[in-house]
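Based on the sequences and whatever the hints tell you, model everything.
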Amino acid sequence: MKLRTALKGLDTTEILHSQDRSTIKKLNKIPGFKAIVDKTIVNIMEKYAEIEYSAEGINVTSKSMPVIHRQLVEACRLLDVKDIPACSTDWFYDISSFTIGEQKKRMVLQSGTIDLLSPDELFFVMGHELGHMKCGHKTYHMFMEALYMPIVNSDLKIWMSLVKMPLLNWYRISDFTADRMGLLCCQDINVALSTMIKMAGLPKKCYSQIHIESFIQQAIDFEKNYSGTMDSVIKYLSINTSAMPWLVVRASELWSWYHSGEYNKILNKYR
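Numbered as in our numbering, the sequence shown ends at 274 without a single skipped number.
These are calculated hints, taken from the structure and not from any lab test. Positions of the beta carbon are idealized from the N, C-alpha and C atoms, including for glycine. Treat the hints with care, as some may be off.
Quick list of the computed label-pair ranges, beta carbon to beta carbon [to be verified]:
1) Lys66 - Asn31: 33 to 43 Å
2) Glu216 - Ile54: 42 to 52 Å
3) Ser99 - Glu226: 18 to 28 Å
4) Ser25 - Gly264: 14 to 24 Å
So this is what it looks like as structure tokens:
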């Protein structure tokens, strides 16, 4: 079993992506905004999730899924997350996960995530989701998600469109920060990248032949080969309405951060 360093007293300001940091700083400066969102949108969505996943999902507890529960507890210890969030599984055979809630936090792991990932890779996914919680993303994530709900007043659509695009761009960038937290949880860059390779669509029959160098080269080639004006326009139009960044871009960002020395600097600080 891999011995991992517990990052007690972890300061997330050291980990935040620069654009993530600046956006959160601006949002936190809006007088009363976070408090209002927490009392309205967040409160409603937390209650909705509590009811929905109590009815449809399977709660991860020390009795229902002891191995997964122990791993969640360990992931929280590694990242110095004091309050262990509620956790549920949901039937969807894909490698995906998400979190919801600010006061009543919940992590949802799709069944494919647990079946298709190794225990080490699951640490990366859990760390990614805990990262969103610890870095203060969830209030603003839920505000963003609420803007896309059909119940939002249609008279506000013009104003909403002005707010959505910059927030959606930040929403994607926040995944870069969460990936850093995932790496700090699994503490193995190859594990983090193999998780992304599986998420990107590697067929299950090829899992024994994962070639990380090829994926990194694909990420490097993507940045190098599609940097022209027309390429930039096409990339913008393609990703502009997506909630998540492309996986090759996520891999490139994480690879760059790892090789910048920041990862080892943070890890060595707590050893």
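So, going through the hints one by one against the coordinates:
no.: 1; hint: Lys66 - Asn31: 33 to 43 Å; result: holds (39 Å)
no.: 2; hint: Glu216 - Ile54: 42 to 52 Å; result: holds (46 Å)
no.: 3; hint: Ser99 - Glu226: 18 to 28 Å; result: holds (25 Å)
no.: 4; hint: Ser25 - Gly264: 14 to 24 Å; result: holds (22 Å)
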